[in-house]
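Construct the entire structure; sequences and hints are all you get.
Protein chains in written order, with our numbering: chain A, 1 to 261; chain B, 1001 to 1288.
Treat the hints with care, since some could be wrong.
In silico DSS-like pairs for lysine-lysine, Cα to Cα no more than 27 Å straight-line [unchecked claim]:
1) A:K126 with B:K1041
2) B:K1249 with B:K1057
3) B:K1249 with A:K126
Over 12 Å on every C-beta distance to chain B, these chain A residues come out as not near it, computed from the model [unchecked claim]:
4) G41
5) N52
6) R61
7) S127
8) G166
9) M182
10) G210
11) R254
12) L255
By construction, these hints were calculated from the structure, which means they are not laboratory data.
Beta carbons are placed, not taken as given, at the ideal position from N, Cα and C, and that holds for glycine.
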Amino acid sequence: MGWRLIRIYTILVYLFMFLPIAVVVLLSFNANQFGSFPMTGLSTRWFEALWNNDAIMRAFRTSITLGLMTAVISTVLGVLASLALVRYKIPGRNLITTLLIAPILVPEVVLAVALLLFLNFLNIGKSFTLLLLGHVIFTLPFVILVVQARLVSIRRDVEEAALSLGASPMQTFFSVTLPLLMPAVAAGGLFAFTISFDDITGTLFWKPGGIETVPTQIFSMLRNSISPEINALGTVIIVLTVGLPLIGAAIARRLATKSGG
Amino acid sequence: MSIEQREARQPWILLTPALTAVGLLLIVPLMFIVVYSFWLKSAAGADTSGLFLDNWKEALTDRFYRDILLNTLKISAITTLACAVLGYPAAYFIARSRGNKLILLVLLMLPFWISYIIRTMSWINILGISGALNSALVWLGLISEPVQMLYNETTVILGLVHFLLPFMVLNIYVSLDGIDTNLEDAALSLGATRWQGFLQVTLPLSMPGLAAGGLLCFVLSAGTYITPVILGGPRDAMFANLVYEAIIKQLNWPLGSALSLLLLVVLGVLVLIYNRYLGMAQLAKGLG
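As structure tokens, then:
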């Protein structure tokens, strides 16, 4: 295959990836009351409808609360574990890493069933707590992978310098290691938030009746048919989930240049 | 306590929260459903504990479950193959292009941030009765009436490929990026054609990435629950749908446990074979 052919092929692959998403955004501005072609004109009425839809707004609040709590817990657990794995020589390091990554390798349905039945056995029924625990265990491996990768590239010397100048291990962590690690902590947290915000399979098993997250809300709306309102919701989520990480990256970059890193 | 003893304890203190979480929320629950799969569902509500083989017998011998398991593996295999065919040239292009590598990589990462359910349902806008493709074909006069292109096995595979392709491309890219381009040039200077150089040098060296991407695609599609529900027809259930049906709809938890363990074992064997030949570190590279 010539280089030009590979280029055209790649462009087609990218079109395949993005065209359906572009159509969601396009149709969300459709004035027509059926969310479909042919488009009859441009309108933002479906975004207004979203704003006035209580169920959707409730789902948004649930998803954001859940995502934030998941991100905080996963990031704290992940940073601590990564420090131990990268900074210390511990026996069975590979086994421990595999164990911590295991939640990715277990199919999500299986993880969902196991956790649901076990907590139910302990008399902890479906609840927001179960949802939170499930999301934490599911996002933890991703945080560990991101933070570990960054930690490896932070030189041990800087920490040793601080220690030799009389800083305690705690002080060293908070004034030397953590600032250098911040981009990875932010990335890990964002990763956890987005995965939690997007999760549907586990959430369907764990959520108690009456609580909906954004994906489960969309899922139940899709049972009827695809409406322009769902496309509008899709557009809002695309803007949020693509926009937030980009803003996050920009902030991280600015912080990094300020601190001279 | 000496300083050395304190030093030796520190990593374990740091690891305790994460290990406790994985232990209590994954390992113990998994062992618990092993036990549960031998219990018996009783109509009264509380299931009967004990050592019954009924669920396993049903899960392993019922043709219905076997057919869906085989079909799930078939769909996953086709999806993985399609991802490899679509993904390899694209990954090669990104790895070897000079100028716009960063933009291409950022674009590749974007779908990871875009909601799975949105990406799945987006195909309804394309292939539905009043979707983009039907409208275009009618407008062009190629068909007189819109045709239903959705809700079959092909659209399930299409949705899965759309969802999993970035995983594949990223893994192959990581592998290709680590290969010294001088090796290809060396092959050329020794008289190989570009194609020969690729087949005998680059392709074999990029196999770990292809295998890691393939494993991810296969495992993730074999565990899918949502895609068949949204893009498939009534007959296109995959194995995870059976598990959901047993646990949530029928409340038959012992059978649901046996079915989920069956899926775990089938996929686990695959992961073990992979680990035997390539190792988990390779997988971590492409995920991170």
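How the hints compare with the structure:
At most 27 Å may separate the alpha-carbon atoms for a hinted pair to count; K126 (chain A) and K1041 (chain B) meet this at roughly 20 Å. Pair hint K1249 (chain B) plus K1057 (chain B) holds up; C-alpha atoms about 21 Å apart against a cutoff of 27 Å. The hinted pair formed by K1249 (chain B) and K126 (chain A) meets the criterion: a straight-line CA distance of about 15 Å does not exceed 27 Å. For G41 (chain A), the requirement that its beta carbon stay farther than 12 Å from each beta carbon of chain B is met, with the minimum near 16 Å.
No beta-carbon of chain B comes within 12 Å of the beta-carbon of N52 (chain A); the shortest separation is about 21 Å. The Cβ of R61 (chain A) lies farther than 12 Å from every Cβ of chain B, with a closest approach of about 17 Å, so its non-interface assignment holds. Non-interface status of S127 (chain A) relative to chain B is upheld: no Cβ of that chain comes within 12 Å, the nearest being about 14 Å off. Interface exclusion of G166 (chain A) from chain B stands, the closest Cβ pair being 16 Å apart, more than 12 Å.
With a cut of 12 Å on Cβ distances, M182 (chain A) stays outside the contact zone with chain B, its closest approach being about 17 Å. Against the 12 Å criterion, G210 (chain A) stays outside the reach of chain B, whose nearest CB is about 15 Å from its own CB. Residue placement check: R254 (chain A) keeps its beta carbon more than 12 Å from all beta carbons of chain B (closest about 18 Å). Interface exclusion of L255 (chain A) from chain B stands, the closest Cβ pair being 19 Å apart, more than 12 Å.
Hint violations for this structure: none, all hints satisfied.
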